[in-house]
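Enquirer: Each chain, written out:
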Amino acid sequence: MENGKLNYPLRSLYFYLTEGCNLKCRHCWIAPKYLAPGKVAQGLDVKLFQSIINQAKLLGLGSVKFTGGEPLMHPAIFELLEVVCNEELDLNVETNGILCTSELAEALKGASKNTFVSVSLDGADADTHEWVRGVTGSFEAALDGIRNLVHAGLKPQVIMTIMQRNKNQMEAMVRLAEQIGAGSVKFNLVQPTERGVAMHEAMETLPIEELVELGNWVEHTLSASTNIRLVYSHPLAFRPLGKMFGDKGDGWGLCGILGILGVLADGSYAWCGIGESVPELVFGHAAIKRLEKVWLETNVLENLREGFATKLEGVCAECLLKGICLGTCVAQNYYRSKSLWSANWYCEGARKAGLFPETRLKPKVVKEKNL
Amino acid sequence: MKSDDRPLADPMLVLREEFDDWAILFDPDTGDSFGVNPVSVFIFKHLDGRNTLDDIMHKLSVECEDAPDDAEQYVAEFIDSLVQKGFAGFEQ
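Going down the list, the protein sequences come from chains P and G. Under my numbering, the first residue of the first sequence is numbered 1, with each subsequent residue one higher. Under my numbering, the first residue of the second sequence is numbered 1001, with each subsequent residue one higher.
Hints were generated in silico from the structure; no laboratory data involved. In this text the structure is predicted, and so the values were computed from the model without any measurement. Each hint should be verified, as a subset may be incorrect.
Once the Cα atoms are required to be at most 20 Å apart in a straight line, the calculated EDC-like pairs of lysine to aspartate or glutamate come out as [stated by the list, open to error]:
1) Lys-311/P - Glu-1017/G
2) Lys-362/P - Glu-1017/G
3) Lys-362/P - Glu-1018/G
4) Lys-352/P - Asp-1021/G
5) Lys-362/P - Asp-1055/G
6) Lys-362/P - Asp-1005/G
7) Lys-1059/G - Asp-1005/G
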């Protein structure tokens, strides 16, 4: 702390509201237990939620994210939204859309001046989406949810995770998103975490060469064919500078790992949802431990803050954008290697394939390469 | 900056130009990087200790159509910001 101000304010809390989910997505990086229709999800206690918010506001909190599991399954979701409203926080929600009734969509819209909702849609048709999501009927239900959000006055983002099965539907997804009134489409990559590991091993994901090629196509061709914003979740080293900086840039779209903390459905503090599968990234229970102590005194968080500028390894150490990219997803990097500083799998794969943009590497590396 | 100042970019800085005329300006001393738009790239490349602000403005007007009336102010501010960061100085 300097001059009474936190060097690293806690800007946002990510609430993994429920332990269960009503879908069985084959790529899920958290892998919650499946709950059939009618089953009630175990979720974060509302009083504990309020207490965490109260403590976090003293540390700089300005926004919360609701994710899961499936956040809209939380039995007291309306009460949680009321707290968000009373505390005047920005709200970000990641949902599969299935339970997003018109009433809930209105409540989401009314909970914050800045509500942003992302809905997962992994295919432009029911067969594809439900192959990924594992539950019949989930495609139409998700579309209904998106329509309810649009009707409530929101501009939901459609998130499509690309893989072998749906890679040929990316353009169709953009057209579908335009048609139903979505505000943007984000193309995610299958991360080699939890269920995503099995997909990588079964080669149901895309090779790095194809991922890089698709990224270029989205950035330069598909984006030019639509008025809605498209985001391809490749690391910053692969994004055109004009799309990150400048008047028409849309920023970096990165995980703000230095300013966020996760809260799991059982009330434990964790780095983020990775705490569900990596026990050493759980930092204690909110009913027992003060948030300030967790935020300011947890060794892993301190190490992270001290080491980012200098300790990243592999291609990340040589990348000119490491100061803002921070390894893209430290949680994913840690899951894979048990090191905070290991390089991102996408960037390492691209470098091995000779596809890492040379203009984004420190000059010394280029010189060595040219010798 | 004064009109007869001749700004000179720090020769140790690295400007990595890309396909779309944007560039990354990299400071090897600190490891900091900055995204630079095409007009700023043009200006930066003319900070060679020989061009005054007027010279740069003249060359910019030849290169860029529809430059706004207050372009000179923005160019001067950009150069000043480089000087403040220690990325440029002045040849007298």
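Enquirer: All hints are to be evaluated individually against the structure, with a verdict given for each.
Expert: A quick look at each hint next to the structure:
A C-alpha spacing of about 27 Å is found between Lys-311/P and Glu-1017/G, which places the hinted pair above 20 Å, so the restraint is violated. Taking the CA atoms of Lys-362/P and Glu-1017/G, the gap is about 13 Å. The hint holds against a cut of 20 Å. Distance hint between Lys-362/P and Glu-1018/G is fulfilled; the C-alpha atoms sit about 14 Å from each other, no more than 20 Å. For a cut-off of 20 Å, the pair hint linking Lys-352/P to Asp-1021/G is broken: about 27 Å separates their Cα positions.
Proximity of Lys-362/P to Asp-1055/G is assessed by CA-CA distance (about 32 Å); at most 20 Å being required, the pair is judged violated. Only pairs whose Cα atoms come within 20 Å are accepted, and Lys-362/P paired with Asp-1005/G is rejected, the gap being roughly 32 Å. Under the criterion of a C-alpha separation no larger than 20 Å, the hint pairing Lys-1059/G with Asp-1005/G is consistent with the structure, at around 16 Å.
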